[in-house]
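The residues making up each chain are set out below.
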Amino acid sequence: MKNLFLATCIIVLLVMALSCSKTPDVVIEPDKLFYQPSNFQSPVYKIQSNPVTKEGFELGKSLFYDGILSRDGTISCGECHRQDFGFTHHLHDLSHGIDNQIGLRNSSSLQNLAWEKTFGWDGGVFDLDLFAISPIENPVEMDEKTSNVLEKLRKSDKYPNMFKNAFGTTEITSERFLKALSQFLLSLISANSKYDKYTRKEAGVVFSDSELAGMELFKQKCSSCHAGELFSDGSYRNNGLPPTERQQVVYRIVDGVKKAFIEPVIDDGRMRVTELQGDKNKFKVPSLRNVEATKPYMHDGRLQTLDEVLNHYTNTVTATQNIDPILNQNGKLGIPLTATEKAQIITFLRTLTDRTFLEDKRFTPQ
Amino acid sequence: MKTNKLLSILFFLGFIMLTASCKKDDDEINSNNKNSITLSFDNRVGDKALVLTTGAYINNVSEDFTVTTLNYFISNVSFKKEDGTVVKFPNNYFLIKQSDVNSLEAILKDVPAGNYTEVSFMVGVDSTRSVSDLSQRTGVLDPASYGDDGMYWAWNSGYIFFKFEGTSSVVPTNATGKRPFQLHVGGFGGMTSKTANNLRTITLPLTNAATVRGNIAPEVHLFVDVLKIFNGTAQLKLAETNMVHSITTATPIAENYKKMFSVDHVHNDAN
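So the protein lines, in turn, are chains A and B.
So that you can map any letter, position 116 of the first sequence is 115 in numbering that gives the first Met the number 0, and since no number is skipped, the others follow by simple counting.
So that you can map any letter, position 144 of the second sequence is 143 in numbering that gives the first Met the number 0, and since no number is skipped, the others follow by simple counting.
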């Protein structure tokens with residue numbers, strides 16, 4: 000009897016130990032890493048120049064979540080782009096970088112990037128492959144030289160082999176490094192929200208009356224900018240956010256000693272890139288996919304909830320330089336919406352939440 | 000009679016020699032022969048050699064300055080022959096860095112034999128290559144290769160064509176108590192919007208032709224006078240223009256440095 004009890008205990012423990020050690024298998028099927036959802040247009044990215052492979056994806060993912068990209072090893076891409084929150088920096092209005100410095104803007108969500116023409120709130124980067132250099136070399140983000148990142152990767156234990164698996168040899172070049180990151184980013188496709196399934200007429204997917212009413216209102220009131228299946232027309236617009244005064248702490252080395260300085264923050268948006276007065280105060284229209292998960296909102300993260308966002312459009316649109324004409328019609332600023340209409344629009348926006356994407360284990364760090 | 004005979008022999012000999020030497024000339028320009036032309040960039044401050052960091056200089060409006068960095072891209076080199084035909088080198092990009100003596104010579108290979116009387120080149124990286132796929136951006140065009148030279152604007156995808164940095168007592172102290180100037184010129188015209196285009200092409204005559212032959216690889220020795228950055232076309236003062244990191248404010252600098260280059264001499268040495 001005693002022996003039987005002991006044996007049972009041992010078996011139970013063994014089973015428990017085995018089940019513990021067994022990590023859930025994440026199956027990666029190469030042809031499903033990048034694909035064109037049937038309700039999307041053709042991608043902008045020239046996918047034939049950098050086809051997504053399992054090995055390239057795994058290398059890109061490893062790089063994305065590795066602090067080795069930053070000067071002191073503390074900041075990875077994944078730091079400011081968290082999967083559960085649509086790859087944004089959850090609850091940070093402005094993103095935090097190296098040495099606890101604060102960036103200029105609220106980090107953008109990362110999804111469906113193959114369909115984007117430009118990148119960042121001001122569209123300063125026009126090729127996904129070139130994007131990573133920007134956060135790597137930004138003094139308040141990763142503050143590293145890309146050439147030095149490549150040196151660190153060459154000296155690491157694991158990366159030469161991962162490059163060999165992805166590209167055939169252990170050679171680590173800028174092109175391979177950046178294109179591997181692109182392969183991971185290209186695979187971040189969000190196209191399985193309730194809205195997508197409804198649009199594709201998938202079996203058993205129905206919209207409630209409120210969702211339908213919200214969709215109709217959205218089409219009338221929002222879709223001239225948040226257009227198409229990406230929920231953005233990719234244009235730059237001034238949506239009338241009231242001017243704010245911000246200051247930032249900047250660290251500089253003075254005669255070998257790090258000192259803090261306070262400087263005013265001026266963010267002219269798209270004008271920072273084009274230097275055209277007509278672009279002052281304009282920012283790229285963001286996609287609204289997974290918008291429920293990507294709070295806070297706006298380029299500076301000033302609005303905390305979707306209610307606040309819609310309240311901005313009804314109440315606080317301000318006629319600053321280059322205010323979008325759509326928000327300034329017949330001498331009236333903003334978009335007229337009743338409380339019920341706002342609630343219906345938010346109900347519709349929640350159908351853009353893609354749980355499959357937000358919880359996809361393939362994208363989660365090991 | 001004797002003298003006549005002697006004269007006619009002399010004339011005959013002279014005729015033979017002349018035709019032989021003429022013939023020899025014709026033989027030399029054999030377009031099947033190729034050799035290189037080297038553009039040698041000799042960065043200077045007026046009539047002085049440019050010495051980084053320690054050299055002390057004064058511009059035409061009596062502003063003192065030192066130079067810590069002088070880097071620029073040279074591309075799209077072409078040579079014009081005396082008959083007007085042009086030989087182009089669209090795939091050769093050079094990054095000239097005063098800090099790296101090996102970078103100061105741009106070698107154009109396989110130039111067909113001929114007498115070249117004009118050289119032309121662009122300061123910067125043309126718009127086509129500025130937007131091309133990473134596979135086209137190797138060597139000096141690798142945007143991730145610059146380290147502290149930083150010849151690439153990461154936040155606004157584009158090469159910095161020209162970078163001139165140093166210190167001057169006329170520059171107001173910055174937050175770190177230093178008096179630096181940084182003149183950065185970029186801007187290829189924009190990919191998604193039409194923006195300032197600071198690409199400049201410089202064309203210079205070669206008064207002494209560069210005579211490429213099978214056994215002659217000419218060297219074109221260029222003087223590059225940084226003082227012209229201040230007054231090539233418009234007058235700039237370091238007291239007012241000392242921090243330039245944007246495409247529109249860089250345009251006057253690009254206009255000025257067009258005048259920075261001159262051909263001092265051409266070596267046509269046999270190799």
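Some clues are possibly wrong.
[Stated by the list, open to error] Mimicking DSS-like on lysine-lysine, the simulated pairs with C-alpha atoms at most 27 Å apart in a straight line are:
no.	chain 1	residue 1	chain 2	residue 2
1	B	K162	A	K45
2	B	K177	A	K279
3	B	K177	A	K258
4	A	K144	B	K162
5	A	K116	A	K257
6	B	K193	A	K116
7	B	K33	A	K144
8	A	K151	A	K53
9	B	K193	A	K257
Hints in this document: simulated from the structure, not taken from any laboratory.
Please read these numbers as outputs of a predicted model, since none were measured by experiment.
Between K177(B) and K258(A), is the straight-line Cα distance small enough, at 27 Å or below?
-> Since the Cα atoms of K177(B) and K258(A) sit roughly 14 Å apart, the hinted pair holds (cutoff 27 Å).
If you draw a straight line from the CA of K162(B) to the CA of K45(A), is it 27 Å or shorter?
-> Given that 27 Å is the threshold and the Cα spacing comes to 33 Å, the pair is violated.
Holds or violated: K177(B) with K279(A), Cα cutoff 27 Å?
-> Distance ~31 Å between K177(B) and K279(A) Cα, so the pair is violated.
Decide if the proposed pair is consistent with the structure: K144(A) and K162(B), CA atoms, cutoff 27 Å inclusive.
-> Given pair K144(A), K162(B) holds - Cα atoms ~18 Å apart, limit 27 Å.
Pair hint outcome, K116(A) versus K257(A) [Cα-Cα no greater than 27 Å] = violated, 39 Å
Is the Cα-Cα distance between K33(B) and K144(A) 27 Å or less?
-> violated, 41 Å
Take the C-alpha atoms of K151(A) and K53(A), compute the straight-line distance between them, and say whether it is at most 27 Å.
-> holds, 23 Å
Distance restraint between K193(B) and K257(A), which requires alpha-carbon spacing of 27 Å or less = violated, 40 Å
Is K193(B) close enough to K116(A), meaning Cα to Cα at most 27 Å?
-> Within the cut-off at roughly 15 Å; holds.
Hints 1, 2, 5, 7 and 9, counting from the list given before, are not met by this structure.
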